[in-house]
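Chains B and G are the protein sequences, given in the same order.
Going left to right, the first sequence walks through residues 6 to 450 as the working numbering numbers them.
Going left to right, the second sequence walks through residues 13 to 176 as the working numbering numbers them.
Read the hints as simulated data drawn from the structure, not as lab findings.
Treat each hint with caution, since some may be false.
Claimed, not checked - Residues from chain B that face chain G, not an exhaustive set, calculated with beta carbons under 10 Å:
1) GLU9
2) PHE13
3) GLU15
4) GLY17
5) GLU24
6) GLU34
7) PHE35
8) LYS42
9) ILE346
10) SER393
11) ILE412
12) SER434
Stated by the list, open to error - List of simulated lysine to aspartate or glutamate pairs, EDC-like, C-alpha gap at most 16 Å:
13) B:LYS42 / G:ASP41
14) B:LYS436 / G:ASP41
15) B:LYS40 / B:GLU256
16) B:LYS392 / B:GLU435
17) G:LYS15 / B:GLU24
18) G:LYS30 / G:GLU141
19) G:LYS164 / G:ASP114
20) G:LYS146 / G:ASP80
21) G:LYS62 / G:ASP80
22) B:LYS37 / G:ASP41
23) G:LYS67 / B:ASP25
24) G:LYS164 / G:GLU134
25) G:LYS64 / B:GLU24
26) B:LYS396 / B:ASP359
27) B:LYS248 / B:ASP359
28) B:LYS339 / B:GLU387
29) G:LYS30 / B:GLU34
30) B:LYS436 / B:GLU395
31) G:LYS67 / G:ASP51
32) B:LYS396 / B:GLU435
33) B:LYS40 / G:ASP41
34) G:LYS67 / B:GLU24
35) G:LYS15 / B:GLU9
36) G:LYS15 / B:GLU33
37) B:LYS10 / G:GLU134
38) G:LYS164 / B:GLU9
39) G:LYS15 / B:GLU34
40) G:LYS15 / G:ASP41
Everything numeric in this text was worked out from a predicted model, so none of it was measured.
Quick reminder that beta carbons are idealized off the backbone N, C-alpha and C, glycines included.
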Amino acid sequence: MKNEKDLFDEIGAVLHAHEDAYVPGAWEEFAKTRKRKRGIIFLRLAAAASVILFIGYAAWLFTPSAKVDTKPDQAKNTTKPPYIYPNSKHDSLVAKQSVVPQKSANGSSTTTLPLAATPQRAITKEFLAPKNIAEPKREVNKGNGFTNPSDDVNIAGLVKTKTDSNAIANTVPPAKNTVEQPTVINNAPIANAEPRRYDRGTQRLSYDSIANLNKPKPLPAEEKKSKNLSYALMVSPSVGNQKMNFGTGVEVAYNINKSFSVSSGIAYAYVNAGAGRSPMLDASYNRGLQGYNAAPSSANNNSLSYTSGTSSQTVQSVKLALSGVEIPLSFQYKTKSGFFISTGVSAMSVIGNDLSYNYISSYATSTPSANGLTSSISIVSESVTQKSSEKVSGYVGFYTLSAGKKISFGKGKLNFAPFIKIPFSGVSSEKIQLMHGGVQLGFGF
Amino acid sequence: MYKTYFGYLSGVAYRYTKERNESVELINDSFVRIFKKLDSFAFNGPPDEKQKAFKGWIGRITANVAIDRIRAKRSIIYLEDITNDHKADIAIETPDTLSYQDILALIGRLPEVQQLIFNMHEIEGFSHEEIAVKLNMPASTSRVYLTRAKAKLAALYNRNEHAR
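Please take these sequences and the hints and turn them into a complete structure.
In structure tokens form, the structure reads like this:
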């Protein structure tokens, strides 16, 4: 007698100790399969990397850089220094003037300008009236685009503020013409700014004019639209590892610039593919398919025959046909001569599928001879196709690569582009690869 | 390593697939996973136990791959009535040494889900909680199935002994 625990311990020990014999060639087969899978993975990674690189390059290429043409903002900014005439008498005046702040009796700072070359009356007149200093700002704000050169000189010269204690300490006795700085003016930005000069000779320009100096001439709206968008009717016959595939649809391309475009669209696609079954899989399918033709009967016109009650079935191949709506998205680089290369992805929404197994069904047939004394037994093999009830639904993704040429044809363009589509993964429970390639023919307008 | 452990994994795979050819494919898938995870194998026990531990580790990986494949191919249907559960320590006639084929034949007579759970728990050493996650069932159900599997195995074995 033996208790339950001993029994199961023994079962465990026997099963753990058991080792089957090594199957010759198994390692070689394993290595070969791994190499093939690694190749497929590499291909997928390479396709994904190329798409990402292309998108990244396109993004970098078309990201707006810091434009020099920011003058519209400048024109609105009232704190910017106004236009100054080059080589004018005011320039020399600014250069010669030294600003000396002074402290007056009531504590406010004053500025002394040694105006050797300046008519004293004019300067005094300008500085005594605070609104003369603030005036240029108002004028610019109004957007009339013109500035008063004499005011500009004064603003550039008045650089000292009320709180400049060092300057106050070094105050020298005022000359005749002392001007009290208006305390309401915050002129620090103006004082620190360098006078700006534009190489326009002595021509006087408003800020708006300067801002628009380098602006490209805008295209008419209709012309721009027609340049950016292009449409094409496409037909794309292709071949996989089975029969011909077919696709047709409409493509819309947005021309980012002369060299790059991004395209999308919608198309109907019919794709089919098959897969052979290696002997190692046959057995499992045999088991699954047993019973389909378990008792085939055959009728012979001349002699009575009967079949054995069992048959053997060997799966030879699996076929899958899919139809659906495909939405591609691709980036295209084109040359001036009309050649282009395109890469992208596409998603196919499956609306119909047909999965079928082809297998060889073999069974024994016994046929009595004419005299009835002997009978001959023959093995009959027939090819049978069995449809699967499995439904493939959802989306099937592809990487797409194509290269071709566009040729002008009348008002439109003929496209001729060989392409290859690589699926993201296998489809259905059989993991069938729907890789296919063909030629895309289109007429663009 | 492939050739060294091929035979052992073949035995493990066969218990789940019941098909020699399919088990080769399962072994290859298992080796792919083993090679990927090889760095994560660690054993701190005595050196002479290391190979045994390693065999257990690769056996569990193979069992995991097998369960994944079974789940992908079909859903396991639990039709058995799990009520009237009782564990009986059945007395068994002392047998001769059980052969590998005898054991496979015995296990093969169990319902499929019981075979799975028996193999996973008793042979590969999965806990009921792990089995529950793998087979998407409560751990208590796994316990019940194991109890029933053991009871049936013992009964079958005992019956065979009496028939001799």
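Do the hints match the structure? See the list:
1. Restraint check, B:GLU9 versus chain G: the minimum CB separation of about 5 Å is within 10 Å; hint holds.
2. Against a cut-off of 10 Å between C-beta atoms, the interface hint on B:PHE13 holds, since the closest Cβ of chain G lies about 6 Å away.
3. The interface hint given for B:GLU15 is met, as the beta carbon of that residue sits about 6 Å from the closest beta carbon of chain G, less than 10 Å.
4. Residue-level restraint check for B:GLY17 holds (minimum Cβ-Cβ distance to chain G is 6 Å; threshold 10 Å).
5. Look at B:GLU24: its Cβ gets to within about 4 Å of chain G, closer than 10 Å, so that hint holds up.
6. Proximity of B:GLU34 to chain G holds as hinted, the smallest CB-CB distance being about 8 Å (cut-off 10 Å).
7. Taking 10 Å as the C-beta cut-off, the interface hint given for B:PHE35 holds, the closest approach to chain G being about 5 Å.
8. Interface hint at B:LYS42: satisfied, since its Cβ lies 9 Å from the closest Cβ of chain G, which is below the 10 Å cut-off.
9. Using the Cβ-Cβ criterion of 10 Å, the hint placing B:ILE346 at the interface with chain G is not satisfied: the shortest such distance is roughly 35 Å.
10. With 10 Å as the threshold, the beta carbon of B:SER393 stays out of range of chain G, its nearest partner Cβ sitting at about 13 Å, so the hint is violated.
11. Of the supplied interface hints, the one on B:ILE412 is violated, with its beta-carbon coming no nearer than about 49 Å to a beta-carbon of chain G, more than 10 Å.
12. Interface hint at B:SER434: satisfied, since its Cβ lies 7 Å from the closest Cβ of chain G, which is below the 10 Å cut-off.
13. A C-alpha spacing of about 12 Å is found between B:LYS42 and G:ASP41, which places the hinted pair at or below 16 Å, so the restraint holds.
14. Between B:LYS436 and G:ASP41 the CA atoms are separated by roughly 15 Å; this keeps the pair inside 16 Å, and the hint holds.
15. Distance hint between B:LYS40 and B:GLU256 is unfulfilled; the C-alpha atoms sit about 38 Å from each other, more than 16 Å.
16. Distance check on the hinted pair: B:LYS392 and B:GLU435 sit about 13 Å apart at the alpha-carbon level, within 16 Å; holds.
17. Our distance criterion of 16 Å between C-alpha atoms is met by G:LYS15 and B:GLU24, whose separation comes to about 12 Å.
18. Proposed proximity of G:LYS30 and G:GLU141 is contradicted: the alpha carbons are some 25 Å apart, above 16 Å.
19. Under the criterion of a C-alpha separation no larger than 16 Å, the hint pairing G:LYS164 with G:ASP114 is consistent with the structure, at around 15 Å.
20. Distance restraint check for G:LYS146 and G:ASP80: the Cα-Cα separation of roughly 8 Å lies within the 16 Å cut-off, and the hinted pair is therefore satisfied.
21. With a CA separation close to 27 Å, the supplied pair G:LYS62 and G:ASP80 exceeds the 16 Å bound.
22. Restraint check for B:LYS37 and G:ASP41: satisfied, since their Cα atoms lie roughly 13 Å apart, inside the 16 Å limit.
23. For the hint pairing G:LYS67 with B:ASP25, the CA-to-CA distance comes to about 14 Å; that is within 16 Å, so the pair holds.
24. Straight-line distance between C-alpha atoms of G:LYS164 and G:GLU134 comes to about 14 Å, which keeps the hinted pair within the 16 Å bound.
25. A distance of roughly 13 Å separates the Cα atoms of G:LYS64 and B:GLU24; the hinted pair therefore holds under the 16 Å criterion.
26. The straight-line distance between the Cα atoms of B:LYS396 and B:ASP359 is roughly 8 Å, inside the 16 Å bound, and the hint therefore holds.
27. A distance of roughly 14 Å separates the Cα atoms of B:LYS248 and B:ASP359; the hinted pair therefore holds under the 16 Å criterion.
28. The hinted pair formed by B:LYS339 and B:GLU387 fails the criterion: a straight-line CA distance of about 54 Å is larger than 16 Å.
29. Between G:LYS30 and B:GLU34, the direct Cα distance comes to roughly 21 Å. Violation of the 16 Å bound is thereby established for this hinted pair.
30. A distance of roughly 13 Å separates the Cα atoms of B:LYS436 and B:GLU395; the hinted pair therefore holds under the 16 Å criterion.
31. Under the criterion of a C-alpha separation no larger than 16 Å, the hint pairing G:LYS67 with G:ASP51 is consistent with the structure, at around 15 Å.
32. Taking the CA atoms of B:LYS396 and B:GLU435, the gap is about 12 Å. The hint holds against a cut of 16 Å.
33. A threshold of 16 Å between alpha carbons decides the hint, and for B:LYS40 with G:ASP41 the separation of about 14 Å falls inside it, so the pair holds.
34. Restraint check for G:LYS67 and B:GLU24: satisfied, since their Cα atoms lie roughly 11 Å apart, inside the 16 Å limit.
35. The suggested pairing of G:LYS15 with B:GLU9 is violated, with an alpha-carbon distance near 35 Å, which exceeds 16 Å.
36. Of the supplied pair hints, the one linking G:LYS15 and B:GLU33 holds, its CA atoms being roughly 11 Å apart against a limit of 16 Å.
37. For the given pair, B:LYS10 sits about 11 Å from G:GLU134 by alpha-carbon distance, which is consistent with the 16 Å threshold.
38. Annotation: proposed proximity of G:LYS164 to B:GLU9 holds, straight-line Cα distance about 11 Å (limit 16 Å).
39. At roughly 12 Å between alpha-carbon atoms, G:LYS15 and B:GLU34 fall within 16 Å of each other, so this suggested pair holds.
40. Restraint check for G:LYS15 and G:ASP41: the C-alpha separation of about 15 Å stays at or below 16 Å, so the hint holds.
Checked against the numbered hints given earlier, this structure breaks hints 9, 10, 11, 15, 18, 21, 28, 29 and 35; the rest are met.
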